[in-house]
Structure formats: structure tokens, C-alpha cells
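Visitor: Chains as they are written, first to last, in the numbering used here: chain A, 1 to 194; chain B, 1 to 771; chain C, 1 to 418; chain D, 1 to 244.
Think of the hints as simulated: they come from the structure by calculation, not from any bench. Hints are not guaranteed to be accurate.
[Unchecked claim] 20 Å max Cα-Cα, derived DMTMM-like pairs, lysine to aspartate or glutamate:
| id | chain 1 | residue 1 | chain 2 | residue 2 |
| --- | --- | --- | --- | --- |
| 1 | B | LYS621 | D | ASP32 |
| 2 | D | LYS156 | B | GLU227 |
| 3 | B | LYS745 | B | ASP443 |
[Claimed, not checked] Heads up, incomplete: computed chain D residues facing chain B, CB under 8 Å, no partners named:
| id | residue |
| --- | --- |
| 4 | MET20 |
| 5 | VAL139 |
| 6 | THR200 |
[As the list claims (entries may be wrong)] Simulated DEER-style distance windows between Cβ atoms:
| id | chain 1 | residue 1 | chain 2 | residue 2 | range |
| --- | --- | --- | --- | --- | --- |
| 7 | A | HIS151 | C | GLU300 | 22 to 30 Å |
| 8 | C | GLU300 | B | ILE154 | 46 to 54 Å |
| 9 | D | ILE205 | B | GLY647 | 30 to 38 Å |
| 10 | B | PRO520 | D | GLU129 | 42 to 50 Å |
| 11 | C | VAL314 | B | ASN65 | 16 to 24 Å |
| 12 | B | TYR497 | D | ILE205 | 52 to 60 Å |
Glycine included, every Cβ here is placed at the ideal spot set by N, Cα and C.
For reference, the chains in residue letters:
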Amino acid sequence: MIGPLYKVLGWSHGTLLVLALIVGFFFGYALYRSGFYSAKKLAGVFYLYDFAVYKVIFVGIIAAALLLWLFSGIGLLKFELLSFHPSYLISAAIGGFIFGIGFSIGGFCPGTSLVSAVTGSFDAMAFFVGVYLGIAIWDLGYPFLFKGLNHIGKIDAKTLMEAWGVPYIVLIIVALIIAVVTFPVVSKIEDKNK
Amino acid sequence: MGKPISRREFFKRSLLGAGAIGVTDYSYVFKKFPPGKAGREDVELIPSICEMCFWKCGIIGKVKNGRLLKIEGNPRNPHNGEKICARGNSGIMQLYDPDRLKYPLLNVGKRGEPKWKRISWKEALNRIAERMLEYKKKYGARSIANLSHGSSSIPMRKLLKNFGTDRIAHASFDQCRGNRDVAFELTFGMGAGSPERVDLINAKAILLIGSHIGENVHTSLVKEFIEAVEGRKAKLVTVDPRFSMIAGKSDYWLPIKPGTDTALILTLINYIIQHNLYDREFVNNYTYGFDKLKEEVKNYTPEWAEKITEIKKEIIIEIAELFGRSKPAVTIFPGRQSTWYGNDTQRVRALAILASILGAVGRRGGYFFPTKIKLKGCPCPNKIEGEDFLCDTSEYPFMETTTECIREATLNDEVKMWIVYGSNIIHNTPNPQKTIKAINKLDFMVVVDIKPTEPSLYADIVLPEATYLERYDIPFMVADSRTPFIQIRRPVVQPLYESKDPFYIVSELSKRLGLKDCFPCETMEDYLNLALSSIGTNLRKLEKEGGVYRYEGKPFLDDFGGNYRFPTPTGKIELYSTKLSLNDKDPIPKYEPVEDPPKGWARLSYGRSPVHTFSRTENNKWLHALNPENDLWINEEAAKSMGLKDGEYVRLKNQDGVVSDPVKLKVTPGIRPDMVHTYHGFGSQSPFLRLAYKKGMFENALITKIVLDPIMGGMAKRINFVKIIKDGKEIDFPVIKQKPSGFKKKPEKEIKIKLTAPLPVGGHEEEEGGC
Amino acid sequence: MRNEILEKYLPLTPEEKEELKKKRIKKHHVATIFLHWFNMLVWLTELITGAALIISSNYIFVPRFFTKLVSDIYGTRGNIIRTHIFVGVVWAIVLILYALFGWRRYLKPTLKEIFGITKDDIGWLVSKFEEVALGKKVHYPPQDSYNGGQKLFAIVVALMVPVIIITGFIMAFHLLTPALIRWAIIIHFIAVGLVVMGLSVHIYMALLYPPEQEGLFGMIHGYISEYFAYHHHYKFWRKKKKGLDKPAELPPKKDLSPIKAGIFLGVVLFFSFYLTGFGLGSSGFVQRTLVAIFGAFAPESVKNHPYMGHYWGVYPLWNFLVFMGFGVIIGTLFAMFLSNHKFRFRIEKGDKISDIQRLIYAVIGGIIVGFATRIAGGCTSSMALSGGSVFSPGGWLFMIFLFVGGYLGAFFFRRLWK
Amino acid sequence: MAKYGMVIDLDRCVGCQACMVACKAQWQTPEDYFRTWVKHIGPVQIKDEMVFTSYVGQCNHCDNPPCVPACPTQATFKDTETGIVLVDYDLCIGCGYCVEACPYGARFINPVTKKVEKCDFCYPRLGEEDPACVKTCIVSAKVFGDLENKDSYISKKISEGNTYIIATKEVNPGPNVYYKGRRSKIEAIIKNYPPEKKDTLPAKIWSNVLRPFVILGAGATFIGSLVAFLFQINQGEKEGEDEE
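Kindly generate the complete structure, drawing on both the sequences and the hints.
Guide: Right, dumping it as C-alpha cells:
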């Protein structure tokens, strides 16, 4: 069965929502089992005592990329049918920068704050409310204050493969090398600051 | 009809029906019907006219809150009544075809590989008008040519004539029935008519040459034909090198050698005259040049004909006797597509002469006369000074402007702009390569169509026309009928997307061209009301009466009290054509042999699929499901010796080296070994027609050699020869000597059955039973 | 093999027997009781409607007057099949919930016991057969909380019920291909047939067979006399006496190592792409729920709001990311439950700041993060993770600047977490 | 009471397939599926005659239809009022046993509704207008009517003689769609599209092997319990004996 199944097989919107529930279930399960219910562990990456966030994201990207590359290679997945975020480079950079600051202060990102809040952490609940407020500020202020701030630096290329003309597998290997190099260094820093 | 009980009564019964006796006693209340069914209750019935082909059958659209659900025949139409063919039924899929043209498009890419930009109607019409005025100023109005087909292109033609150009060609003249109508014009002073004016119902014998009725579906014609042959047991003689569907129903099938039909007809004429089986009294009163004819055809003997046509002389004699016996109720079917071998007008004249000497003109069972009445309408006067047919008519005395002339003129830069209106010139005109070369020399090309067919790929501007289910059209007067009538096409649903009806396109264009006196009517409804006022009715009233207005017809001679004067120079049927002799052409048809396919080659013949109007319906979802691609008929014996199997895909190469797309083989004994046959109109080259694109073989590409008919310039197309290419290797056709043949249908043994006795397997008691 | 089992019994004096008869011990949990009787009702309706559905001459297996009777009760046979499907779906949902939530406390131990067939069970069956069929006097080996016959029937039910549900769903909702549906019918019939075979013995034993009388009441209020337990379920009685049957408190699981967690997350992300073509995301959940809330107050202005407008769609909550959010919530609960962690209200903070300060900083952090997701168009899971795996330029840029901002922020707000 | 049937005159039929499209337009069957079909045969040599005909077919509403017993839930049945084989769409679970059992292949599973679909002689149009295919047939080759009513047009047409049914000695479910025309055409049809008896594997396994097993099994245990109960009754009520 050639993926992405929802688009290739033309399933109904209802089926998509059921799939969303299932994927969300395992997403929440994975986040919890990675220990991201504790703000301490999450913020650790910025305060150098626990680089779990860095490692998990990096390994997650590499694992998913490898599977995506493998499946589209043998024709079981139509890579071009996946939905890509439009790339607004400058907006992404500004957004990422501010996100980092907020992350270091609050100790969560939206997904992990939800996970932690559900397991009873008051600060996660506060953070989650904060996220609502942040987005509300944007939504209400958008027409006159922030119009277009999220659409700066648009480039056509949807993936680095298109932008740099580099094959998918090469980028994965580069990421793997970075991981292999940085993980031991990071682990040393962790032990020092524990 | 057994009186079926009414629906309510039926349901009442089944509700009460307790456990009825019988197989298993569950008396279920069957109330739930499958979803999405067009019940009778809230369906609106709107009469209109079909345009899936040009036959114009009357239809009723079943519309439910603005959506067309089903199309059925219009019982009030005297021709097709409640009957409509497969294409008529599938008009819905033409209306709701996702690939149809939706908005005016401007081509910002190259010719042939278009990149479409959506523009507004105003902008499109402004650009067109601008160009037309520019070319008129620079090169004269005649630098604009029009290739059109179908009833919706008539307003545009009138506009162009008013604008000052008569470079207007329709495929129907030079590719289809042009030479048939010229032949009848020369003989009777009037064309053969569309629908053909043949009184089949009363015919005792019918001669059918080269027309495959039944595979070529014109509803009322097929209906009358089968009623005559099967219903009233008229004797049918079919002359066709291929065993067509109608040949299967005929009393005589003559697998004639292609190109020798004229020889056969002249032999019949000669035999009938020699054995004075002809209608002496009719010939004396109504024909001219009988003696010259008698002299001319005297050495066309059956023995000679057997050698030429490969038809047994006994069969030829038997047929001549048959026609002699059954005169004057004999229908010599005029055929329709008749541009075959290059001398086709003479062949059709021979047919007309055969019918005349049998007295089958203006008589029951033969040809009959049309009855026209004058209808007012919004005029768009023709402002053409003098005649300029673009081609030198000295060679072709009876030629009108043909596609070939326009192509030639474009190639030597006399024509700058083409308006292609509802005609797929890549599919219907032979030698499409030459057409494309001509297009590439054009400055500007406009295509008006309902679907993105091949011409739109080369157009600069494409205008989406509303389909026949979304527009009014000029009133149609069906004069060629024993029961003549006038019928109106009206929109069954509102036009979808931004498609517009022809009147809007033409009136908007005429405003921009500053033509004050062309189509002064505001809308098409005014035009129709004006026209209908001349017969004392109007649009609303006519629609209430089912959209058909019938008037008195005078089809036969005795309607004129016996002294009918034919509109020919001599006032009689011209067996000897005075006009032809004036233009030093053979006044009486002669048989001229046609070039045979060289050794190893076979003649390529083409025909219609019962469910397609050539390339127009290939993208129709339902019709496509019925017949997605054409296949190539090939003789069983020839295929065996060439090592070809049924269902295999091969390619064809014609004498000019053009290689075709792959086509599926249909191996059958029902075709002569020296020819192959396929359905025309498949293999669309337009990627925008997603269903039809590259499905089946684009066989028109193989028809590159053409010969112009010496009398009227029609393009003969059945003179191209092909070879088979299988996995890259060319395979020659074997030379199989054909013995003279001709088949007579054996009478069927009459088998009586009693309804009570259970019918045994596949047959009857005294039979040996099943196969 | 048969006679040596007798010695196992602890000999009892008649007085002890009388005394045991008076005392009662608990046999079945409330949930098990509820489930048993719920099953009984389901099987009753499903058997009646099911049998009445199948009436074609090739398939019918009940007398025709019965099918006629049921058809008349239900009016149209359409109602029969609708009832059958409805009850089947409810049954499936209840069973699945029971299996998921009751896995550790109820289902796992029961299954372990049912499938744990010992020589005693076989011995019991053999002797039962000899007693009933051959009329011999026999002594039964000691049995656990379920005797041999009950275990056999339970195994058949445990195996056949999932088969019945799956084939039932295939038939009711015409899943996959007609060929599969054809086989599903046959398998459905056989599975039900096997269970029905056991059922008649089960009912006879419970209702009519005097010695098992107490067992029936055991399934009604959950208690049986100690003597009955001693006599019929000796091993269960002995365990009960020694208090062995309490499920031990399982130790809580440790978090996965980052590598394993990363791979798990990567696989989940891959399947999200493979199944739906969309990546993971959570800020979308917040955005759309917010739009829904605003929409509740002023639907018109939200619908054609320049930014919020295109989040409206058919209805903002009827969306992929929103349902993913719900999935995350359920998944987290399950993860917590299955890794034996307890739900505890807590505040995690550095030592230097008070709880109130921590909450205020959390809100401020939330606002900044919320605002940032709108600029970038996503959060860590959608931009960094999903975007990163397909190497979207925006994704990687977002991640890099995230760490830059993060370390900058960490420098200033170190004291929050020290 | 009525028994509706149809006569198809193959001599009149020109194979124009209008009936297929009219039926599809009326019931909106998905594009590659047809309730009625026109399969061209030939031109081919049958004995010494050239034949070019079309097998115009649909559900024959047989007298003893093999599809009815094949349907487990009896969703399909021959309506005793009209003789038309109908389908109750509430009961159909889309298993396709009837599709396999029909010797003429007149049934298919509609991929959209996932239930069986077949010609039902335009049941909802019955009594008001002819079936869509009969009404649109341009050469009136199709005639529809009540076979039991002797003076109906269809009965007259059949009694004119030369009427056949598409059936063989082995497979003759009593079809109610009659064919007229030259005998060579009927033979060409039976040669190319013979009605064949098909039995699906699961159905065979069930009716021959498993059903007896299940009935016996359930019956045996039931009777076993009954016997034990009777045995227990005549033994008289004994307090649960407390043997060791």
C-alpha cells in the first residue's frame, strides 16, 4: 500500500481524524516515556545538566528521515505528497529565537507542557495558559501590528534537497555525523553539571 | 403493452400481501430503494435538442433542483420520439465533465505546449476584435479564415460574412458529404438532405453501399432502417468489404473490392436498362439524357464486373432483378461520408441515376422532397463582394472554400488569423502535420469549443462555449422529413463556470467590430420569438406544447399533381448532366480504376464507433467506459500468416513513413485480407483531456496522402496504405487471391413453441437442444 | 495418574467442615460479575437476532418458525440486523475498555490462570467424563479458582470472542474486500458455534447441576462458602487462606534513554507521515481551540478575520491537529498508568525562587513561546521535529535559532533553575 | 400477481449500447460497472454462416435463482408479487456470495455503497414507465411485460416462435429473459458466454462440512446436558454429598 495512505487512497476526513487520534496517542506516549513530563528535565538542555531534549529531537529526526528515505526509495511512499511547511526563513529564525528565550524561561514547549500539565504539574498548566495568551495576542494584534511578520523571507524550495540539490541520504548522514560527534561531548558536559 | 398496475396500487397490494404461497414465504415490505434515484415526484421535465452529434434528436432533460439527472427522448419529436442513443443518454457527462473549458484562456506559453492564463471575457473579446480590425486594415478582411462545424457556429459565420470574409470552411463539406450533395445537386437540383430523405418504411428493396448503419448511429435513421428490414421484411443489399453490423442483417452481403463500387453501380444500371426493368413511364416524363446514358453504360456487363469487383455475376444479376421487381419502392441509400477514393462525386451520381431509372424519386419507398417555410429572424446581412474561393475553381468547378484551400492560403501567407469554432481540425482533416505547419505560420488563432481538444493546444485565445444543455440556438427547421417540423433548443440548466452561449459571443464581438447591422436582437430569446412569430407562436407556448411545431409537408410527386419541375437547368432529372458537360467534366459517370495497395501493404479504412462522435466524446466518462480505445480489424487468414494474434498491440506505418500509436488487433474473418479497419477519433493528443489522452490510435495521422475530387475538391481519404510493425519489425501483408464472392442469407427454419411448455435449453424440443 | 492426587487434600474433621460451611470468602470481583452478566445479556440478544438473520436454505441452522417469529417481532428484518450490529458494537467497546483498563488487575491474572492448564485440570475432565458418561464413582483432583471444565470453556470464549468481534466488524461495515467478508461470515458462524457448544454445558452446570449451585450465587454476589471453596476449588481455597492471591505492587518504570526515546519518537513521526501525509504538531491544537473559543463569541468576525479566518475550515475543532492533541492527552495518561507512575500535583522549579514566582515565569514563558510559534508557524514538534525530518529549511533554521535563543535566555534566567 | 420478463430481439439489436448508458444514468452506477451489458461477438464464422451480434444481458430474474440460497442473510429474494429478484439493502453485507453464484454474472459489488447491485427491471419505475433500457432502445429490440398475462405484448412476441433462453443442459435456472433472432446468434452467445455453475469455496465448506459439525456439536452438548438433567432428576434430590 503506497503511502501517504490518506491522500493516495483518498480516505474520508473522518478517517483522518481517527488516524490523528491514534498518532497523537503514541506521540503523547512517546513524549511521556522520554521523561518530558518534568520541566527540570526539559530545561536541562539550556542549563547544561540534561541534554535529553537535544538528543531525543536529533535522534527522532534521523530515525524518521531514514524511514522516510527508505520507504520512498523502494516506492512505498510518495515523498512529494507529504505536506511541507512553507519556508519563511527569516520568520522561522525570529520565531525560533524568541521561542528559545520563552523555552528557557518557562521550561516547556507547547507539546511537552500539555503532557506535563495532564500529569498534574501546575507550572505546566500555567505555561499552557501562557501559550494561549501569547497566541491570542498575536491573533488579535495581527491585522494592525504583526501583519506579514510571519511571511518574511519566503523561498520556493520546500526541502534542503531542493534548495541545495543534495540527495536526501547525504543530509541524513551529515546529521548522523553531527550527532555522533556532539553526543559524547554533550554527555561529558551533562556529567560535569549534574 | 400488458397493462402494468399503477405504483400506488402495487404498493397497496404488497403491503397487504401476507405470507404469499410460493418459494419461501417471507413477505417482506421492500420499501428501501438504493440511494440517489431520480424518482418521478419532484423532477422537472424540460424539452430541448441533443447536440452530442449533428442529428438533433428531441430530448427531455429531467432536472431536480437545478441539477440534470437524466436525459430521455422527447415523445413529441416525430423522428426519434422517446428513443435516444448512447451518446444522447450520456449528455450529462458532457455537461459535468471536469475537464471542460471553464474560463477564457490566454496562452502565455508556446503554440503546442500552452501555458494558460485565465482572463476575463471582456479582455478576450477586446483582444480578438483588435486583431481582426488590425488584419482587416493591413491585409483585408479575407486574411481572417474560419473553420467551423455544428449548429452553434452559424451565428459566427454570419458575423464573419458581415465583417467581410467568406473564407469559411466546414469539415462536413470537404471531408464528409460535400460530394454527395453536389452529385444530387447536379442530378435532381437539390441535395440528399440531413436527415437523408429516404422513405425507408415503404421500401421493398434497399441498396446500401459503404455505409455501416448501426455502428454509425443516427437514431431516427437506424430506427427506420431496422423497422424496414426486420419489421417489414424489406430486402437489403449491403455492399461493404467489411462484414458490418448491418451486413449481418442484410439479405445480400457483397464484400466488394475497395474502389470498384462505381463499376458495380454502372453494371446494375446497364443490366436494368438492357432487360428494360427500368420504369419507362417515369424515365420519359422526368429524366433527361436517357439514350446517352444507355449508350454510355452498354459495355458494363456482369461478367466484366465480376472480374473488377470480385462479386459473383449471378449475385449481381440477382440484385438487378430484385431492384427491377421492387421498383419504384426502392431505396438507393445516398450514404453520408463519401470522400473515399478520389472520384467520389461521380460514384454518388451513379447512385442517383440508378434510383432515377428505377423511378424511385418522389415516390413511396424512394427519395422524397423537402418542404421548407420561411422564418423571420434577426438578420446579419452578408456584405461580401464577388466570390473568392481562395483556390482556382477552374480545376474544381463546384468547389466551395475547403479546409485544404485555407491551409494552402495560410502556408503562402495570405491568411493571418484563424477562428476555429467547434471543429477538431487536427482530427477531422487529413494530413494533420500539414495543418500544424499552417497553424505555426499564423499570427493569431482563436478557438471556441466546449472541451480543450487538440486545436486549443495551438490557440492564442480559447473561449469556453456553453454546451447544448446550457444555451438557446437558432430555430431548427427539419424540412427533410415526410412530417416536417420546427424544434427549439433551450437551456436545461444554467451555464456552468463562465461558459457563454454563441449569441453572446457573436453579439459582443460585433459591437466591438462596430458592425451596427449584425444581429440587432438583444438576446437569443428575442431572435427565437421573432422567428416563431412567423408561424404564429412564441417560445413559452411552444415549450408548453413540448418544443415541437409540426407543419404540412409535400414529400411526394403526387402531392404536386404529377407535374413537378426539378430545379435543374433542364427541369428534369439530369442523367446526362448539362452543368458537368459545360465544365468539360464527364456528364455521365465512368468507372476509373483506383490504385491498389502495392504488394505487402493494405488499405486503411475508417469508420464510426456506435458510442462516439469521433474525438468529441472521447473524454465523456460513461462513453469512455463503454469504448475506451479503437481496435484494428484484420483478416483472420492474413493475421495467421503474419503470426499476429487477437488482442495483440501493434503499430502501423503508412506509405509516407508515419508510424502510429499502438493499436489492439481484432482478428476476424469479417474483413477482406487486403484492407484493415479502425474507429476514427481516438488517440487524443491533448493532455488536458485526462480520460482520452493517448487512449487508442490517432489514426488521422496516418491519412497523409489525399486526392482532391475533380468536381468539388473533397479530400479522398481511403487511399492510404499501411504496414504492420510488431516489436519494431515490419511485417508485410500476404497476397491472398480473393475468389469472386457474394453471400445470400439462408431463410431461418420456422420453430413454433407453446408458451406453457418450458423452453428447453438454448433451443426447442425437436432440436437436439443446447450447443 | 488419577488416584495419586487424593493425598493432596488436607483432611478435615466433620466439625471443621460444618464451621467452614458457615464462613464465606470472596470469589469474584465486582467488575468480573458486571462483565459476566453483561456478556450474558449480549449473547442472549446476539444469538437470537443472529440466528434469525441467517435464513437462506444453504445457511439456516435454526428451525424456520423461530426465524419467522423473530422477524415478526422486529417488523422488518432490517431492524434485526441493525440491532445485531448495534449490540455487537457496544459489546466490543465494553470489552476493549475492560481489557485496556482492567489489564493488570483483572484480565492478566485471569488469562494466566485459564491458560495455565495443569495435570489436575485434565484429571478433573477425565474423571468428570467417567462419572457422567460411564457412571463410575470418581474422586476429583484439587482444582484452582476455575475447575478444568470452566477453564476449557473460558479458553474457547477467550479465543473466539476476538474472532467474533473482528469478523463481525468486517461484515457489518463491509471492510476491505468482499472476498474477506465471505470468509468472515463462515468464521463468525464457526466461532459462535464453538462457544454455543460450551455455553449449553456452562448453563446446565450453573443452573441445574445441584453441586455447582453455590457457584452460581458466587457469580451473583461474589461470595461462596468456604466449604464449597475447599471442596470444589481446593487450590484457590488454600491460596486464599495464605493471602497469596493479592497482586503485588509493581515497581514504577524508569524513563527511556534519550536514544531509545528518540527512535520511538522518530518511528511515531514516520507513521504520522506514512498514514496521513502530515507531520506531528501541537501549537496547531492551541491555535484552533482558541479560534473555536473566539468563534463561540463572535463567529462572523472570526470567520473573515485576516489571520484566524483560514483556521476556521468547516469547524475549527474538526481538524487533524486538534484530534492529535486529544490523542496526546490520552496517550500521556496511558503512558503514566502503564509505567506505574502515580498522578501527583507538583510544581517543578529551581530552589532559589518561590512557587508563585515559578508560576508567573511559566506564564511569561508561555506567552513568549505562544507568540513565537505564530511567527515561525509552528513549535518544536511541528517545525523542528517534523520539519527537520524532511529537512525543510525553515525547520532547521527554527531549531538552530531556538538553541541560540535558549542559551541566551538561560544566561539571564539561570537563577530560575539553579 | 405478475411475473415480469423481457424479450430481446437480437435480429433488431444493432449493438449501439444506448441501453447501458440509459441504465447507468438512471441508477448512477459507478463508471466501470453496468447492470445491463452489450458484449459484441464477432464477426465470427458459426457453422457456415458469418455472425456479428451482441450479447445483450442483465439479471434474468430466474424462476429458481441460484443467487437467492447463496445469500446468507436472505437479503436477495424473488418477490412473489412481481417475480423480480430484489435486494433489501438493509440486509446486504456486501459479501458477494450471490455475485459468485449468478451463472450470468449479472451482479456486482458497488464499490461506493459496498453492497450488491443488479438489474431490478427498474423496480421504482414499475407501473409508471418502461425500464430505462427498454424505453431508450432505438430499434425497440427490448420488450418488457408480464409473462403470466397471456395477451400481453410480450407473450405474443414470445409465442411468435424462434424464442430461446441462454441456458445449457447443466445450468438452467429458468431465466425469464428470452432471446429472439437467428439461431446462429444464440449459439455464438452460448459459445462465448456460457452460463456456468459456480460455487464459492467458503460457502461449500460451510454447507457441507462446518454447518453439520456446528449443529451436531451444539445439539450434542445440549442433549447431553438434558440427559444429565433427566438422569439427575430420577436420581432424586441429594444434598451435595461431601465425600472426600
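Visitor: Each hint needs a verdict: does it hold in this structure or not?
Guide: The hints, checked one at a time:
no. : hint                            : in the structure
1   : B:LYS621 / D:ASP32              : holds, 9 Å
2   : D:LYS156 / B:GLU227             : holds, 18 Å
3   : B:LYS745 / B:ASP443             : violated, 59 Å
4   : MET20                           : holds, 6 Å
5   : VAL139                          : holds, 4 Å
6   : THR200                          : violated, 21 Å
7   : A:HIS151 / C:GLU300: 22 to 30 Å : holds, 25 Å
8   : C:GLU300 / B:ILE154: 46 to 54 Å : holds, 50 Å
9   : D:ILE205 / B:GLY647: 30 to 38 Å : holds, 36 Å
10  : B:PRO520 / D:GLU129: 42 to 50 Å : holds, 45 Å
11  : C:VAL314 / B:ASN65: 16 to 24 Å  : holds, 23 Å
12  : B:TYR497 / D:ILE205: 52 to 60 Å : holds, 56 Å
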